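Chemist: Listed here are the chains, written in short residue letters.
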Amino acid sequence: QSALTQPASVSGSPGQSITISCTGTSSDIGSHDFVSWYQQHPPKPPRLLTYEVNKRPSGVSSRFSGSKSGNTASLTISGLQAEDEADYYCCSNAGTTNVIFGGGTKVTVL
Amino acid sequence: QVHLQESGPGLVKPSETLALTCSVSGASITSGSYFWGWIRQSPGKGLEWIGNVYYGGITYSNPSLKSRVFMSVDTSKSQFSLSLSSVIVADTAVYYCVRQRSMDPTTTQYWGHGILVNVSS
Chain A
266 QSALTQPASV
276 SGSPGQSITI
286 SCTGTSSDIG
296 SHDFVSWYQQ
306 HPPKPPRLLT
316 YEVNKRPSGV
326 SSRFSGSKSG
336 NTASLTISGL
346 QAEDEADYYC
356 CSNAGTTNVI
366 FGGGTKVTVL
Chain B
683 QVHLQESGPG
693 LVKPSETLAL
703 TCSVSGASIT
713 SGSYFWGWIR
723 QSPGKGLEWI
733 GNVYYGGITY
743 SNPSLKSRVF
753 MSVDTSKSQF
763 SLSLSSVIVA
773 DTAVYYCVRQ
783 RSMDPTTTQY
793 WGHGILVNVS
803 S
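First to last, the sequence lines map onto chains A and B. Residue 279 in the numbering used here sits at position 14 of the first sequence, and the numbers go up by one each step. Residue 742 in the numbering used here sits at position 60 of the second sequence, and the numbers go up by one each step.
Honestly, the hints are just simulated from the structure, not real lab data. Predicted, not measured: the structure shown is a model, and the values here were computed from it. Here a beta-carbon is modelled for each residue, glycine too, at the ideal position from N, C-alpha and C. It cannot be assumed that every hint is accurate.
These stretches of chain B come out as covered by chain A in the derived footprint (C-beta under 8 Å, 3 or more residues) [to be verified]:
id	region
1	694-702
2	793-801
Selected chain B positions facing chain A (in silico; Cβ < 8 Å) [said to hold, decoys possible]:
id	residue
3	Asn744
4	Thr774
5	Tyr778
6	Thr788
7	Thr790
DSSO-like cross-link-like pairs, simulated, lysine-lysine; straight-line CA separation at most 27 Å [as the list claims (entries may be wrong)]:
id	chain 1	residue 1	chain 2	residue 2
8	A	Lys333	B	Lys727
9	A	Lys320	A	Lys333
10	B	Lys727	A	Lys371
11	A	Lys371	A	Lys320
12	B	Lys727	A	Lys309
13	A	Lys309	A	Lys371
14	B	Lys748	B	Lys759
15	A	Lys371	A	Lys333
16	B	Lys727	B	Lys748
Isolated chain A, as found in the complex (with noise of 0.2 Å):
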């Protein structure tokens, strides 16, 4: 199964709202809503962001929010701060027991 695409590096000026694309296929995100989002400073481990597409665990800001048409899911930052530079990866099932993750981009806050 490969690797779900995500762009290598987006950037955004604080404040601004950015967006995230990750591109699967039929067969892992356009199946199921299955989909959750990680953010990682290194080299801490990841932070879940959002799961089942669009829900955030407690303690996560809402500024992060997650959505999906079709096979690409997206992760929306909105309001960027300083602290939300990071590397941002995306997950889906694929299959019913296998996991996949995207490349990890790269957000940097200008």
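Starting from the known structure of chain A, fit chain B onto it as the hints suggest.
Modeler: Quick look at chain B alone, frame taken from chain A:
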């Protein structure tokens, strides 16, 4: 608070077996709501799901690694383990032990700090 802690050797020779253990505290390893899994990250690269194990012993693995992966749970010690056989240099990575929701293994809310394993002669 759920806490996961990886342990094992930081250096493994090519062709040998990488063996890691994860100690769980703050949660019951016998909970039916979760899988206990492993995710790795090669230096400067992205995340790769290795597999997970249910407390009853059922395991699921990445198809690309399945032939080399063995996972188990020791409920008496609240630990679970990973063995990766016939390692190569490309298996060098930070290995994270994680807790994943059994109804949705893409949801990984708890991660260990990670352990760097170098494969080198």
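Chemist: A separate judgement is required for each hint: does it hold in the structure or not?
Modeler: Quick rundown of the hints versus the structure:
no.: 1; hint: 694-702; verdict: violated (count 0)
no.: 2; hint: 793-801; verdict: holds (count 4)
no.: 3; hint: Asn744; verdict: holds (7 Å)
no.: 4; hint: Thr774; verdict: violated (15 Å)
no.: 5; hint: Tyr778; verdict: holds (6 Å)
no.: 6; hint: Thr788; verdict: holds (5 Å)
no.: 7; hint: Thr790; verdict: holds (6 Å)
no.: 8; hint: A:Lys333 x B:Lys727; verdict: holds (25 Å)
no.: 9; hint: A:Lys320 x A:Lys333; verdict: holds (12 Å)
no.: 10; hint: B:Lys727 x A:Lys371; verdict: holds (12 Å)
no.: 11; hint: A:Lys371 x A:Lys320; verdict: holds (22 Å)
no.: 12; hint: B:Lys727 x A:Lys309; verdict: holds (14 Å)
no.: 13; hint: A:Lys309 x A:Lys371; verdict: holds (15 Å)
no.: 14; hint: B:Lys748 x B:Lys759; verdict: holds (25 Å)
no.: 15; hint: A:Lys371 x A:Lys333; verdict: holds (20 Å)
no.: 16; hint: B:Lys727 x B:Lys748; verdict: holds (21 Å)
In this structure, the earlier hints numbered 1 and 4 are contradicted, and the remaining ones agree with it.
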